[in-house]
Amino acid sequence: MTKLSDWHIMGVLAIAGLGLPFLAPSLITQLSFLWLMVIFALTWDMLGGRMGYNSFGNIVFFGIGCYAAAVVQRDAGLPYFEALALGLVLGAALAVAAALLFGAALLGIRGHYFAIGTLGLGITAAEVAAGWDYVGAGSGMALPLYPGALGQREFFFCFSLFAVAIVCFLFLRWLYGTRFGLALNAIRDDQDKADAMGLRTTPIKVFAWCIAAFFLSISGGLAANMIGFIDPRDVAFAGATFGVWMVLMAILGGKGTLWGPVLGAIVFHITQELFWTYLLGWQRVALGLLIVVIVVFFPQGIMGWIAERRAARQGAAP
Amino acid sequence: MLDNLLLFVQFPPLAVDVVVNGLLIGAIFALAAYGMALVWGVLNIVNVVQGELVVLGGYVTFLLVQWGMPPLIGVPVSALVMFGVGWVLYRAIVFRVVDKDIFISILATFGLAILIQQLANLSFGADVRSVDAGLGSLHFLDGMVTVAWVKLIAFALALVAGASLWFFLRHARLGQAIRATAQNPRAARILGIDTGRVYAATYALNAALCGAAGSLAVMAWTIHPYMGLPYTVRSFMVVVVAGVGNVGAVVAAGLGLGALENVAGFVLGTEFQIAFVFALMVTILVWRHLRAARRREHLK
Numbered sequence: 205m206t207k208l209s210d211w212h213i214m215g216v217l218a219i220a221g222l223g224l225p226f227l228a229p230s231l232i233t234q235l236s237f238l239w240l241m242v243i244f245a246l247t248w249d250m251l252g253g254r255m256g257y258n259s260f261g262n263i264v265f266f267g268i269g270c271y272a273a274a275v276v277q278r279d280a281g282l283p284y285f286e287a288l289a290l291g292l293v294l295g296a297a298l299a300v301a302a303a304l305l306f307g308a309a310l311l312g313i314r315g316h317y318f319a320i321g322t323l324g325l326g327i328t329a330a331e332v333a334a335g336w337d338y339v340g341a342g343s344g345m346a347l348p349l350y351p352g353a354l355g356q357r358e359f360f361f362c363f364s365l366f367a368v369a370i371v372c373f374l375f376l377r378w379l380y381g382t383r384f385g386l387a388l389n390a391i392r393d394d395q396d397k398a399d400a401m402g403l404r405t406t407p408i409k410v411f412a413w414c415i416a417a418f419f420l421s422i423s424g425g426l427a428a429n430m431i432g433f434i435d436p437r438d439v440a441f442a443g444a445t446f447g448v449w450m451v452l453m454a455i456l457g458g459k460g461t462l463w464g465p466v467l468g469a470i471v472f473h474i475t476q477e478l479f480w481t482y483l484l485g486w487q488r489v490a491l492g493l494l495i496v497v498i499v500v501f502f503p504q505g506i507m508g509w510i511a512e513r514r515a516a517r518q519g520a521a522p
Numbered sequence: 004m005l006d007n008l009l010l011f012v013q014f015p016p017l018a019v020d021v022v023v024n025g026l027l028i029g030a031i032f033a034l035a036a037y038g039m040a041l042v043w044g045v046l047n048i049v050n051v052v053q054g055e056l057v058v059l060g061g062y063v064t065f066l067l068v069q070w071g072m073p074p075l076i077g078v079p080v081s082a083l084v085m086f087g088v089g090w091v092l093y094r095a096i097v098f099r100v101v102d103k104d105i106f107i108s109i110l111a112t113f114g115l116a117i118l119i120q121q122l123a124n125l126s127f128g129a130d131v132r133s134v135d136a137g138l139g140s141l142h143f144l145d146g147m148v149t150v151a152w153v154k155l156i157a158f159a160l161a162l163v164a165g166a167s168l169w170f171f172l173r174h175a176r177l178g179q180a181i182r183a184t185a186q187n188p189r190a191a192r193i194l195g196i197d198t199g200r201v202y203a204a205t206y207a208l209n210a211a212l213c214g215a216a217g218s219l220a221v222m223a224w225t226i227h228p229y230m231g232l233p234y235t236v237r238s239f240m241v242v243v244v245a246g247v248g249n250v251g252a253v254v255a256a257g258l259g260l261g262a263l264e265n266v267a268g269f270v271l272g273t274e275f276q277i278a279f280v281f282a283l284m285v286t287i288l289v290w291r292h293l294r295a296a297r298r299r300e301h302l303k
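Here the protein sequences come in this chain order: L and U.
Everything in the first sequence is counted per our numbering, starting at 205 for the first residue and increasing by one.
Everything in the second sequence is counted per our numbering, starting at 4 for the first residue and increasing by one.
Derived from the structure by calculation, the hints contain no laboratory data.
These numbers were taken from a predicted model, which means no experiment stands behind them.
Take the hints with a grain of salt, since some may be wrong.
[Stated by the list, open to error] Calculated lysine to aspartate or glutamate pairs in the EDC-like style (CA-CA distance at most 20 Å, straight line):
| hint | chain 1 | residue 1 | chain 2 | residue 2 |
| --- | --- | --- | --- | --- |
| 1 | U | K103 | L | D394 |
| 2 | U | K103 | L | E358 |
| 3 | L | K397 | U | E300 |
Chain L extracted, bound-state conformation (with noise of 0.2 Å):
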């Protein structure tokens, strides 16, 4: 047998996410959040698994992206598709100035007051959105209908989801194999000899916020396009789920591989949906319990899980 490479899961991968939404049509939904989750892990572990630094602060960029599509394509008044595409631009170079704002200012941080800063800082933008009249305050915004036939509009948002999805995945795979990828784990490894060889690192972490910021923002004014609806606490700004999540599904499939992200948003999405299905009133008890069993039982991952047997049935010393 040929070695699996990385090309036959991705075609297994492109094939499945095809396909399904013709064969099973009634997983369509789901298929689509299983994208964006796929797109959360990955962005996340630029920053938290490539470069060391935890941000739970990410969702902002994605509330970025969900506001400013909504303010576009209710304002703007052009049609459908071009206010949407106009939506998405915008926002992405709203949340690329943004990562580049709140990147210089936080990037310089450390450790856990990084973390905790972050955390303050997706907070304070879920605050303030609820706050502020312009964007619908504390009730939210709805998004306009989608032109096109019933059920089309599903179709539209799973493929452009998972298009992102594969944009991103094949620019980060592209990435971390060049010099850049190998300064973020030099940044992660060891920052001050990485700023002693040389190494500017406070653009390189911020360029690298970015670019989480750019890819974050796109499947923000997707999925509020394909939700329909954004509230500030639980759907743009929503810290307590996707902003922990992204932080959990990454952990979950392996820190700081290519492939843990993707493998740890497929699991955590399944099993969140089981809970949902069959742990009704306890779903969201059952994820805290979850966070906490992952984080303190299993922090390597699942690929790191992988690493470790396979080097202890070739013998080597783990």
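Please build the complex by placing chain U on the supplied structure of chain L, with the hints as guidance.
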């Protein structure tokens, strides 16, 4: 917003009212922050579940009052109950993350926080709860300044708790063991201190302080299942500003935060008060970082 600011200037008694009430509420923040400083200093953990311990303490008092007990009994009872809860939490989960990467402990306690939030929501409902301490209020300056007795009691209790904590750490046998473990756990073990027990006691003591804070919060203010995180962040902020080893500075920072937050809530509108708390924390972290960077420049 500007109108509210103008109100302050035109009616100074109003400003006094807002600031005084803020200061008194700040005592509750200081109480929760003692605990966080203790856990941070001794276990080297940022305890994100702090606010949920406060909220649980509040629910204990709420239940007691529903069963017909006088509210003030709630303070010691909540502290005692939460001491037990803290001990169990430590023995079940927290001890597993003590010597791990600090991010793991943040995430694990964050998970615990979400778990407790949801359990509280299921058991007590999402309503905002409050307890009437039935003690009335004091009025000053022709009734323009109103101070509830319970807030004054909270203030006094917070100061007493701070003083006893200081005395306990300084003179009690366990307090000395806690300080020794904070300084050097390995050396403490060599000298015969059971550091596992010290850690558990520290964590439980923190929970007890939070329990007392929560009990006062439910009488002086309100609680609901999702208001833990603001308390966590307030405690974190106070500790960042005051440092882990200084009880007096914790009191001062807690009171200052209370006053500032109340004024901001009045000027910006209460819907932005929580946003202000979190934004202030981010600002403090950035400011602290910039100051450190400037110091490094000088050293070059």
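Hints and how they fare:
Under the criterion of a C-alpha separation no larger than 20 Å, the hint pairing K103 (chain U) with D394 (chain L) is consistent with the structure, at around 18 Å. Between K103 (chain U) and E358 (chain L), the direct Cα distance comes to roughly 44 Å. Violation of the 20 Å bound is thereby established for this hinted pair. Taking the CA atoms of K397 (chain L) and E300 (chain U), the gap is about 18 Å. The hint holds against a cut of 20 Å.
When the structure is compared with the earlier hints, a violation turns up for hint 2 alone.
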